[in-house]
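Here the protein sequences come in this chain order: C, P and U. Under our numbering, the residues of the first sequence are numbered 1 to 376, in order. Under our numbering, the residues of the second sequence are numbered 377 to 543, in order. Under our numbering, the residues of the third sequence are numbered 544 to 643, in order.
Just so you know, the hints here were simulated from the structure itself, not pulled from any lab data.
Taking CB as the label site, the calculated pair distances span:
| no. | chain 1 | residue 1 | chain 2 | residue 2 | range |
| --- | --- | --- | --- | --- | --- |
| 1 | U | Gln636 | C | Asp4 | 56 to 66 Å |
| 2 | C | Ala9 | P | Leu390 | 14 to 24 Å |
| 3 | P | Ile529 | C | Arg297 | 41 to 51 Å |
| 4 | P | Ile529 | C | Phe73 | 38 to 48 Å |
| 5 | C | Pro359 | P | His406 | 34 to 44 Å |
| 6 | P | Gly531 | C | Ala375 | 38 to 48 Å |
Ideal Cβ positions, reconstructed from N, Cα and C, are used throughout, including at glycine.
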Amino acid sequence: MIVDLAIIALKAFLVVFMVLNLAGILGWIERKGSALIQDRIGANRASILGFAGMGLVNTLIADPLKFLTKEDFVPPAGDKLLHTLAPCMALFPALVTFAVIPFGDVITLGERVINLQVANLNVGILYVFAMGSLGVYGIVIGAWASNNKFSLLGGVRGSAQMISYEVAMGLSVMGVLMVYSSLDLQEIARAQGALIGTLLPPSLGFLQPLVGWLPAWGVFLQPLAFLLFFTAAVAETKRIPFDLPEGESELVAGYHVEYSGGKFLMFFAGEFAEIVTAAGLVATLFFGGWQVPYLMRDGFHFPWGSVWLLSQPTVVVLQLISFGIKVFFFCWLQILLRWSVPRFRYDQVMRLGWKMMLPLALLNVAVTAVVIIAAQ
Amino acid sequence: MDFSTLIFFLLAGLLVIASLLVVFLRDVVHCALALVAALLIIAIFFVSLHAPTVGILQIMVYAGAVMVLFLFVIMFLNPAVLERPRALWWSAASILALLLGGLLVPLFFNHEPPGDPVASTELFGSPEMLAKSLFGDFVLPFEIASVLLLVAIVGAVVLARRERSAP
Amino acid sequence: MMPLNYYLILSAVVFAIGVVGVLIRRNLIVVLMSIELMLNAVNLTFIAFSRYLGSMVGQVAVFFVMAVAAAEAVVGLAIIIAVFRQRQSLDPQDMQILKW
Chain C
1 MIVDLAIIAL KAFLVVFMVL NLAGILGWIE RKGSALIQDR IGANRASILG
51 FAGMGLVNTL IADPLKFLTK EDFVPPAGDK LLHTLAPCMA LFPALVTFAV
101 IPFGDVITLG ERVINLQVAN LNVGILYVFA MGSLGVYGIV IGAWASNNKF
151 SLLGGVRGSA QMISYEVAMG LSVMGVLMVY SSLDLQEIAR AQGALIGTLL
201 PPSLGFLQPL VGWLPAWGVF LQPLAFLLFF TAAVAETKRI PFDLPEGESE
251 LVAGYHVEYS GGKFLMFFAG EFAEIVTAAG LVATLFFGGW QVPYLMRDGF
301 HFPWGSVWLL SQPTVVVLQL ISFGIKVFFF CWLQILLRWS VPRFRYDQVM
351 RLGWKMMLPL ALLNVAVTAV VIIAAQ
Chain P
377 MDFSTLIFFL LAGLLVIASL LVVFLRDVVH CALALVAALL IIAIFFVSLH
427 APTVGILQIM VYAGAVMVLF LFVIMFLNPA VLERPRALWW SAASILALLL
477 GGLLVPLFFN HEPPGDPVAS TELFGSPEML AKSLFGDFVL PFEIASVLLL
527 VAIVGAVVLA RRERSAP
Chain U
544 MMPLNYYLIL SAVVFAIGVV GVLIRRNLIV VLMSIELMLN AVNLTFIAFS
594 RYLGSMVGQV AVFFVMAVAA AEAVVGLAII IAVFRQRQSL DPQDMQILKW
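Put together the whole structure using the sequences plus the hints.
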C-alpha cells in the first residue's frame, strides 16, 4: 500500500518536473526560434562571466529572477483574493491534465508491473476535457479581478473562445474513441501498436499491400480528426493564430494586463504547460504515444518477418525517447505556427469554431460510424 | 479511525463550509467560486462512490460550463448596489432551516447496524454501464432530455435578446 | 466505505443550507445558485443509493438531473438578464408588480 502510493507519487513528481522543465525550455526556444524566423538575433545580453549561451542565460536564469523579484501589484479597486487566485487556477489544470497521458508501456521490476501513467482512469479522455473546462476559470477570474475594462474584454473573449473550441475538440476525438473502443489513453496508445493489416476486414483485402504494413496510428485512421483536434487544441491554448484574448498588439496584454512579477510568470508558465499538454495529447491520440513502429514488448517485429529481440530496459528507454521526440516535435510545431501565421479576427475565430469545425467533426463521426459498421 | 473515514469527514466538512460560504458571502463572485468549490467536492464524492463517469461529467458540465455561465452573467450585470441584509428575515429563515435540517437528519439515523453495500463489479459506474442504461432502458428520457436542452437554448437566446426598435 | 446514513445526513445538511440561501438572499443570482446547491445535494443522495443498492438507475437519474439543471440554469439566467434590463435591479423585492 505504501509502496504503491510512493510509486504514484514518484511518477507524478517526474511528470510535473518534466512538464515544467519543458515549459521553461520552450520559452527559450520561442525567443531564439522567433529570432531566427524573423532574421534577428534575439535575447543575448545577459551573461555570466562572459558566457551567454545563445540566450539560455537570459531566458532561463535572468528572466525568471526578474519576474520573481518584481513588485507584486494589485490594482487598488481590484479584488485581492481573486487577483492572487487567478494565476493558480490557470496553471493547475494545465499541469494536472498530464496525469492521464501515458509516457511509456510498463516497467517490470521483479514481480511488480508498473504502468507508466500517473493515473489509470477508465474515463481518461473525459478527465482531460473536464480539466480543460476548468481552465476557463483562470481567465475569467483574472480578467474580473483586475477591475479593468480592457482586461475584462480580453477575458470574456478568451473564455468564449475556449468553451467554443472545447466542443470542437470533444467531437473530433469521438472518431478516435470509436476506432479504438476505449476511453483510457493507455489502451488507445497500446491499440496503436497493431498493424493496419490486422484491422482490415476481408472485403478491403486489396489494400493490404498498400497500407497493411503501417502501424494503426490515429493519424492514418482518422486524418480529419487529427487536423480538427490540433486546430482546436491550439485555439484552447490561445496561441496565435487564435491569440486575440491576449492580443499583444491590440489589447496590450488582454486579460493579464494588470499582472506583473510572479503572477505573470504563473500565467506564462501555464500557457507553456498547456502547449506541452496539447502536444502530449496529439502525440498519444494520433501518433501512437510512446509506440515506436514495430516495437513490441520484447523487441522489434518487422512486417517482413525478421525479429530483433531486445532486453526490457532497452525497450522502455526506446519508448520513453519516442514519446519525448513526438511531444517535442508538436511543441516545436506550435511555436513555428505562432511566428508564421497572422492572427484571426475574433468573429473569424468564432465562425471557424462553430460553423466549420463543428459540422466537420460531426461529419467525421458519422463517416467513421458507417465505415466501422460496414467493415464488420 | 482509518484513512477513508478521515478523508470522508474532511471532505464533508469542506463541503458544508463551502455551502455556507455560498449562502452567506456578500460579494456575488465569491459566492460563485464557493459554489464551484462545492461542486468539485461533490464530484470527488461521486468518484469515491464508484461513479467516475458521472463525477467527471459533473466537473465538465456543472463546474466547467454552468458555473462559467453564472460568472459571465454576474460580470455583465454587475449590480452596483450590494443588498441590505434584514435581521428579521435572516433569523426567521435560519430557524426554519434548522427546523428542516433537524427534521431531516434524524430520519436518516438508522439504529440497525449498516449492511454491507452490494458488491460491485469492476465495470460498475464505468462509461460502458452508463451508456448501456442510457441507450437501453432509458433511451426515451434521453431523447426527451436532448429536446429539452434544445428548447432551453432557443428560449434563452430569445429571452436574453435585446429589443430591437422597429424602423 | 462509509455507512449510507452518513452520505444521507451530509446531503440533508447541504439541502437545508440551500433552502436558507433561497429564503434569505435578496440577489436573484445567489438564489439561483442556492437552487443549484439543493439539486447537487439530491444528486449526492442518488449516487449514494446507487452504490448501496448496486443499481445503475441512480447514476442515470443523476445524469438527467444534471441535464435538466443545466437547462434550468440557462433559462433562469436569461430571465434574470431580461428582468435586469427592465428593472435595473436584482432584488426580488423590486419585482412585485404582479402582487395584488
